[in-house]
Amino acid sequence: MVSRVGFLGVIARLLLWSFLLCLAVVVVYPLLWMLVNGFKTNSEIFGNPFALPSQWSFDSYQKAWNRGVSNYLTTSILVTVTSTVTTVFFSAWAAYGLTRVAIPFGKAVTGVILGGLMLAPSVALVPLVKMFQSMGLYNSFWALLILYTAFRVPFTTFLIRAYMLDLPREVDEAAEMDGCGRWTAFWRITLPMCKPIIVSTVLLHILFAWNEYLFAMVFTSGAGVQTLPVGLMSLMSKHGTDFPVVFAGMTIAAVPVVLLFFAGQRYIVKGLADGIGK
Amino acid sequence: MRPRALTAFAALAGTSVLVLTGCTGGGQADQAPAADAAASPEYSGTLSILTKFAGDPTGPYFENLAAEYEKLHPGVKIQLIQETDQSIKDKTKTLTASNALPDIYFTWTGNWAENFVRGGRAADLTGVIGPDTDWGKTFSPGALSAFAYDGKNYGIPLYGNGKFMGYNKAAFAKAGVQVPKTFEELIGSCAALRKAGYEPISFGNKDGWPALHYLQQLFAYNVPTAAFEADLKPETAKLDDPGYTKALGQFKTLVDTCTDTRSGTNGVLYTSAQEAFADGKSAMYYQEILEFDNETAKGKLDPDDFGIFQLPAPQGAAGDPSIVEGSPEGYLVNAASPRVPLAIDFMKFVTSTKNAQVLSSPPYGQPSTVIGAVTPETSSKAVYEGIELVNKAPKLAAWLDTVTVPEVADTWLSGGEALITGSRTPEQVLDSVRQASAAAK
Chain A
1 MVSRVGFLGV IARLLLWSFL LCLAVVVVYP LLWMLVNGFK TNSEIFGNPF
51 ALPSQWSFDS YQKAWNRGVS NYLTTSILVT VTSTVTTVFF SAWAAYGLTR
101 VAIPFGKAVT GVILGGLMLA PSVALVPLVK MFQSMGLYNS FWALLILYTA
151 FRVPFTTFLI RAYMLDLPRE VDEAAEMDGC GRWTAFWRIT LPMCKPIIVS
201 TVLLHILFAW NEYLFAMVFT SGAGVQTLPV GLMSLMSKHG TDFPVVFAGM
251 TIAAVPVVLL FFAGQRYIVK GLADGIGK
Chain B
1 MRPRALTAFA ALAGTSVLVL TGCTGGGQAD QAPAADAAAS PEYSGTLSIL
51 TKFAGDPTGP YFENLAAEYE KLHPGVKIQL IQETDQSIKD KTKTLTASNA
101 LPDIYFTWTG NWAENFVRGG RAADLTGVIG PDTDWGKTFS PGALSAFAYD
151 GKNYGIPLYG NGKFMGYNKA AFAKAGVQVP KTFEELIGSC AALRKAGYEP
201 ISFGNKDGWP ALHYLQQLFA YNVPTAAFEA DLKPETAKLD DPGYTKALGQ
251 FKTLVDTCTD TRSGTNGVLY TSAQEAFADG KSAMYYQEIL EFDNETAKGK
301 LDPDDFGIFQ LPAPQGAAGD PSIVEGSPEG YLVNAASPRV PLAIDFMKFV
351 TSTKNAQVLS SPPYGQPSTV IGAVTPETSS KAVYEGIELV NKAPKLAAWL
401 DTVTVPEVAD TWLSGGEALI TGSRTPEQVL DSVRQASAAA K
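Residue numbers (the UniProt record's numbering), protein chains in the order written: chain A, 1 to 278; chain B, 1 to 441.
No lab work stands behind these hints, which were simulated from the structure alone. Any given hint might turn out to be false.
Residues from chain B that face chain A, not an exhaustive set, calculated with beta carbons under 8 Å [stated by the list, open to error]:
1. Gln82
2. Thr84
3. Asp85
4. Thr94
5. Ser98
6. Ser272
These numbers come from a predicted model, not from an experiment. No residue lacks a Cβ here, since even glycine has one placed at the ideal position from N, Cα and C.
Work the whole structure out from these sequences, hints included.
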């Protein structure tokens with residue numbers, strides 16, 4: 001059967017395509033502009049902001065890499081990966097305990113964990129600095145790992161708990177009948193069933209840890225322990241910033257996240273649709 | 001009812017956590033025994049320093065000095081916390097609030113340093129760095145006095161800074177313009193420069209403070225010094241001198257006559273103006289000494305084409321035409337530190353003539369406040385010329401946004417912006433500042 005698209009249909013499609021094209025330009029163009037500016041010189045950036053560079057040289061990328069971006073990148077990856085693992089597992093365990101195990105004062109415990117959502121990070125800064133200094137953790141990788149985990153557990157638990165509440169109890173009971181203990185039930189039954197929400201929380205946490213600025217700025221200093229958002233700021237100076245180097249640094253910082261998105265696109269879209277949209 | 005009870009409980013739990021954590025923070029500085037600054041240092045332990053030198057090119061300066069000092073005194077370990085111009089404010093505030101200030105920390109002059117002095121967090125160094133002491137005599141007197149409060153010396157000035165009009169000599173020659181002697185001549189030269197194909201003065205006020213730099217210098221010229229200094233403190237401020245409205249009017253004339261961006265100047269980045277000058281598109285650009293070497297870096301303006309002059313004073317102005325706008329930046333020693341003598345010993349090492357010369361020469365290019373450290377051999381011609389003018393000036397006018405209280409500084413800032421767009425008259429701007437100053441009493 002030959003399908004015929006009427007005149008109005010063609011117009012509608014054309015409009016839709018041009019709308020999507022505009023959307024793509026709006027999203028992709030700034031990224032491309034950032035990438036290209038890494039190849040220009042300072043005067044080219046200010047003189048002809050939208051022109052192509054007169055010379056394609058990787059100098060600025062090399063400079064950015066040597067000026068500490070390699071260190072910031074390593075720290076960022078390390079902090080993001082470790083804090084994602086700790087946050088998601090602590091939260092999943094907590095959610096399992098809160099939904100599947102009868103604990104005394106269970107409601108109160110839920111209240112305390114979710115109450116953590118209301119604590120603004122900036123309010124806690126001063127006591128936290130004192131605490132970390134007395135524990136000798138100030139200006140260390142551990143400071144960021146602990147903070148990122150502690151401040152994200154309430155939100156992540158909230159999401160996973162909501163998902164677990166809706167899972168059928170019958171499956172747990174069937175597992176119990178088959179002689180499955182709590183440990184096995186969590187790992188082999190409940191956690192696999194929570195895959196969509198786990199993917200969503202992992203993603204949300206990666207985005208948080210990769211871009212977090214306040215804690216990273218206050219709790220760390222020096223190229224050894226600083227993450228990308230803070231490190232990139234130190235490439236800028238009040239008097240005479242080498243902007244191509246900053247753009248190059250930003251491009252290098254964006255690459256891992258973009259790659260991650262392409263690699264996990266299928267899971268990401270599905271995870272978000274199944275998890276948060278539920 | 002149950003879900004509601006749960007929500008109420010969650011709210012209660014959250015608030016109590018907030019209150020508990022809030023209560024443990026802040027508070028007063030630990031009561032430390034008055035440190036004896038003149039005692040001889042004990043070379044052991046860890047000395048912590050908060051610097052503003054993170055990133056290129058200044059980053060390695062303190063790193064190298066720390067390594068050298070540790071080699072000289074093997075018992076000492078130096079812990080550096082290096083921050084940038086942007087991040088140091090938040091970092092210092094948090095460290096101060098949590099009583100965790102390092103042994104030595106960076107400070108600006110004016111209100112910023114005064115807060116530490118008033119809060120008892122800066123050690124009184126009069127006995128070691130006062131103007132009559134051996135160490136004190138090595139600094140330029142103007143820089144040293146910038147950190148003195150109530151006759152006591154607290155700060156160790158590290159490098160000086162001043163604001164000058166940088167000009168492109170080739171552009172001036174092409175337009176047949178001489179270096180202006182008065183403010184009126186400066187305004188008069190703009191038409192010729194524009195005719196020769198240049199933007200007379202590039203000016204970017206997106207951040208607000210660049211306008212304050214013009215205003216502060218013009219106030220110093222137009223307002224009698226005694227009145228001007230009294231007006232900086234809300235307790236004594238009258239702000240009724242006619243020099244203020246004159247200066248505000250002169251600034252408006254400069255923006256309207258000499259910039260291409262005119263009332264749109266608030267949308268231009270400081271860096272864009274800087275680049276326009278470095279690329280030879282504009283003939284003049286009002287800048288700090290710390291920027292000089294950047295303008296003449298490789299691929300930019302030829303160092304021989306780069307000249308500077310002090311913003312010329314208006315004819316018959318009632319203030320002091322010899323005042324240069326600028327202020328040094330330096331370091332304070334933590335009054336609660338158990339290692340005050342060691343901290344002083346380290347800062348003496350940092351400000352030794354040899355190390356001060358290193359700081360003043362490329363790649364660092366920060367003009368040291370130590371007398372004789374900036375020489376034509378170690379520094380570029382323009383930096384040498386600028387710092388000489390600063391050192392010779394009988395008085396410096398510190399940046400308007402650091403010298404007065406934040407509420408008044410903010411009102412000047414928005415006033416400068418409103419003046420540029422033309423939404424407020426000089427009288428209206430001065431009126432709003434007067435109100436802010438009265439409210440800040």
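Hints, one by one, checked against the model:
no.: 1; hint: Gln82; result: holds, 6 Å
no.: 2; hint: Thr84; result: holds, 5 Å
no.: 3; hint: Asp85; result: holds, 4 Å
no.: 4; hint: Thr94; result: holds, 5 Å
no.: 5; hint: Ser98; result: holds, 4 Å
no.: 6; hint: Ser272; result: holds, 6 Å
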